[in-house]
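> Below are the chains, spelled out letter by letter.
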Amino acid sequence: MDRRQFIIGAGMLAASTTAARAADEVVIGVVYPLTGNGAAVGLDAKAAYEVAAEIINGTHAPIGVAMGKGGGLDRLGGAKIKLVFADSQNDPQKARAEAERLITQEKAVAIVGSYTSATGATISQVTERYEVPYISADNSSPSLNQRGLKWFFRTGPHDEMFTKGMFDFLADVAKKTGKPAKSVALFYEDSIFGTDSSNVQRKLAAAAGITVAADIRYRASSPSLSTEAQKLKAANADVLLPSSYTSDAILILKAMNEIGYKPKAVLAQAAGFQESAFMQGAGALAEGVMSRSSFALDADKLRPAIPVVNGLYKAHNNKDMNDNTSREITALLTLADAINRAGSAKPDAIRAALVATDIPGSQTIMPWAGVKFDETGQNTLCNPVIQQVFDGVYKTVWPFDLAAKDVVWNVGG
Amino acid sequence: MTLETLLQVAAGGLLMGLIYALVAAGLSLIFGLMDVVNFAHGELMMLAMYAVFVIWDATGLDPLWQLPVVAGLLFLTGMAIYRGLIARALSVPFNRGMVQIFVTFGLAIFIRGAAQFVWGGEFRAVNHTWLSDRSLNLGGVFLPLPQLAASAVCLAAFAGLLAISRTEFGRALEATREDRDAVALIGIDRDRIFAMGWGLGAGAVGIAGVMLAGFYYVGPNVGASFALIAYVTVALGGFGSMAGALVAGVLIGEVEAFTAVVLEPSLKQIGVFAVYLLVLMFRPRGLFGKL
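From first to last, the protein sequence lines are chains A and B. Per this note's numbering, the first sequence starts with residue 1, numbered consecutively. Per this note's numbering, the second sequence starts with residue 1001, numbered consecutively.
A portion of the hints provided could be inaccurate.
The following label-pair restraints were derived from C-beta to C-beta distances [as the list claims (entries may be wrong)]: (1) B:G1097 - A:R101: 29 to 39 Å; (2) A:K182 - B:I1164: 54 to 64 Å; (3) B:A1159 - A:G311: 49 to 59 Å; (4) A:T59 - B:V1092: 50 to 60 Å.
Just so you know, these hints were derived from the structure itself, not from any lab. Yeah, the Cβ is synthetic: ideal placement off N, Cα and C, and Gly gets one too.
So here's chain B without its partners, still in its complex pose (with noise of 0.2 Å):
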């Protein structure tokens, strides 16, 4: 193997590696906040997809000036799913840990299936966009700008992440997530900041699904193959740790990419599950989790 190649695959790894720590974010986020897997995560950041092509078919605008349209969108989404289902399901008096797993679960498969019937099964494209079929030609090793793009915008949605941590909501959040039931002895709206978090976490993945559109395929499918990287990323990184889901995200695209190099492409998620494996053998609660 050539160097151009190994530098090639590792940018490959690199950039898709972020777009995976995003994704992961989001869920993170939610997880940490209040101890609910959203298994509709994936389905969420579809939903972003179709809609910078819903918006894309109709006026042509470029995805990436989409970009605030779609994540207040998603943000809205987030909050109104944490009213209408989630502050329910968590109000019930028994088996609470299973209606949070049912209702996420059974909210992915209704958002499936009503985008399969709005939209179709086909699968679309979102083509001739500002960056699209463009890359950036270091000496033999191609980044392509849709993707570079996405890198970017994920790295600044990461720094926003956390300055939003710093402020006084940030501080909320945290608290929050120490205690839920001594917040509310201190004034705080401990329904707000959930709605919030889940506002968050669902923006997060919204902004994934955008910059996603412009050089993926949308199709009511495309959320699942990375709503499952999304649990190993969350997993890897220690649950509710925002710097663990980058580091095990940008970890996770290395080893697929290496993987499927050194063994062969049919085998890379074998390569991510070994690391996944091990880490939480040494440390049962990720990279970053807290014990």
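The following block holds chain A by itself, in its conformation from the complex (with noise of 0.2 Å):
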């Protein structure tokens, strides 16, 4: 074979394949941080849309959530969804490059992602220009909805929604136990998900007569947290509100334990709280601990396909669902649901078809009244729940009637 007939066999089997991926392959994006210092979290995401997929095409006996029946997209002849993963490195302008890449190089029909905030707000600027839909499946900033994009829609709750939980969480302890919080300190890693986050809160705590006792912004990543721990320790406030990823959760907690401080309460904005290397970093340090949480594991009785989903999710990674992998799954079953409606993978057709979703909560994994999105691409629907750990093991404990667990409740005694 000459060159010419090599490059024209090529140009030919290249043509093919495009050929056929149109036919009956419709092609998302995912882009999360797979190495650097959000590996953990996004090689744990990759799983999850994984799983997820295997749900959509797959053949298997039906579970009981949007898409679940498998076999592919049935409005579509079957077609399959195929996932093509980007790396962010959790860089904003990586991952914006990422995007573009995805959806000019692989024909993306829709983005999927992205974890930190930073990242979803560079990615849903690249989808607004190109006009694909990103669904935003666990950036949690408030502010991301608020910037008039006509693409962007965010399955899970925002941090707004997520501390109004805590807040009405503070609220509903206090009435069941007679010891209302009256302090709180605020703890926030300087990027766009813990100041947004800590605006929230200081407004909210303002609302509900509740003094700021500290309001400490710290560095992320820092190699030693001892300085905050002191300001923490100094403060003494009823109850700690961190808004941090993994590594400096781990760090925070060993640092307040280094100075003989025990926080009465730690009520966490997820985030880092919530991940499996918390626990195994933290160890017993994390035993009390509260975070709210867009999932519950243990609301098997409320959704039965948790198990099931859990069960799948566990063969392919090794260990249970959590809050972020939990609505990595439910962001890519909404975003299938829509393009099965529109019947069709073209953008402007999936668009309108997410505008129309409702999905009923008993169809999804979620402990949620269900799936629906406002003007903004904001799901309404989407209410957080309080989970503490007890041996290891985050316990849903709010609201009072999901609870598995009575709350632990230490400030004021």
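Mind docking these for me? Both chains are given alone in their own frames, and the hints should help you get the complex.
In structure tokens form, the structure reads like this:
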């Protein structure tokens, strides 16, 4: 074979694969940190999406979730969802470039992502420009859907909803135990996630008449957090409200313990605190820590699909689903449901179907009322829960009617 | 701010500063000896931390007992890196400076990727050690035992490096640093000296890694944030100066801790870099740098 023949042959091969893909595959781009500091979360996310794709594409007994009957997208002649993963390295600029590559080179008809809100912000700018939907599974910054974007859809709650849940919990627990939290300490990392989270917490604390005893913004991934811990100790608030990613979450618990300080209550804005790596890294120090969550693994009575999907996930990644991975699975199922209802892989049609999405809570693995987007693209039916660590495992403690355990509340005692 | 808080912050800065110093010492040693900046220095520390985790996970052996083993392993790793990569990079006939930078930079990315491949991206921690979660309470000022032990070991390691510099080998090291071409004429095996220098540098950061593993999380990227501080420490203390690394490390630890108190924690690196720029303005070769 000479060079010309080779080039022609290769060209034909390329053309044939593209054609085949167009006929029976719908490409969805998935952007996560697969290397670097966020890799632990990103690799779990990858496993979660693969499980969700398996639920959509595979042949299996029907599962009680949207697109749970398997066999691909039936209104597109059984076309399969094909995931193309890209590594953002947790860097907003790399995330932007990768999203662009997925749309222009890989012909992705929608993007799903992306863990940190800073990367979600840049990806959603790209998807807006190219007019393809961006499904935000787990970016929780409230500002993301307030930018007037037409192609942005977020299936999970944002931090304002989460934080409202946290303060509702504080009010409820005060009523239940007669021991209200009088002061809180804000402790947050300095990127968009921590800053936005603290803004809402400050506002809601003021509205609830709770004093902010400490307001500490720290540099993410610092080698040491000992001065920060000292400031928290000096403030000694009733409830510590951290907004941190995994490594900082481990470090601050260790640093507080080292100077002999045990906060009366820790109520975390999830993120790092909901990671299995946090549990391993913090060990016994995690005991009693509370965190908001959009997911309740122990709500299997309410949502019988949870153990089934968790079984698939566990077989794939050797751990239980958590706050992040459950939201990621839900995001892809929601997107696939929209593509299927659209009956087309054209971004315009998918967007119209997303706008019309109305999935009841019983058709999800989440403790939510359902999935339905408002005009900013935010799911309005996703109410959070509060969980607490008992023997190294998060158990749901609020809303009280969903609780698997009674909350351990050491404030004011 | 109470006196108690002040002392606690100062103690925290000192304990962290000594770790910074030991991490920087290895870097400074290698740079002083042969003008090579080892960009994989933080990754060598990360490898030591993983070694501690793996041995602890398999045998339950306390990090303190692992110290000689892991330091030895890192010593051999350092020598192997010199023989396998650096010696070759030094022998290229063109663009030697750039090649050296890229070879250690590439090595850093490779080690980080390999660590993620082998151990996953998860954060790990060595819990329930002999010292872990124990603190000395001096009238309200808490000194965590794992960090106290780490500081003591750091000081001992510095004493060790000082002792080595007094030996025959240390004098050969010094001579090689002064004039690497002349030493060959008087029968010193330059290659062997360089390899030993890399071994010592890696061993020093290995010791820092072992002690750090007792109270820190372990992950593929754990070296990166320490490495940045180490480069600043070396430049601040003076390239090649052990005393400089010690003083600069402690200085950086204290400045960092107090910037976090006076300004706000998210700005603590500003203090570090402000001091760094200030010193370089008046002493471009660092505090203890030889002109």
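> Would you mind marking each hint as holding or not holding in the structure?
Evaluated hints:
| no. | hint | verdict |
| --- | --- | --- |
| 1 | B:G1097 - A:R101: 29 to 39 Å | holds (34 Å) |
| 2 | A:K182 - B:I1164: 54 to 64 Å | holds (58 Å) |
| 3 | B:A1159 - A:G311: 49 to 59 Å | holds (57 Å) |
| 4 | A:T59 - B:V1092: 50 to 60 Å | holds (58 Å) |
Of the hints listed earlier, there is not a single one the structure fails to meet.
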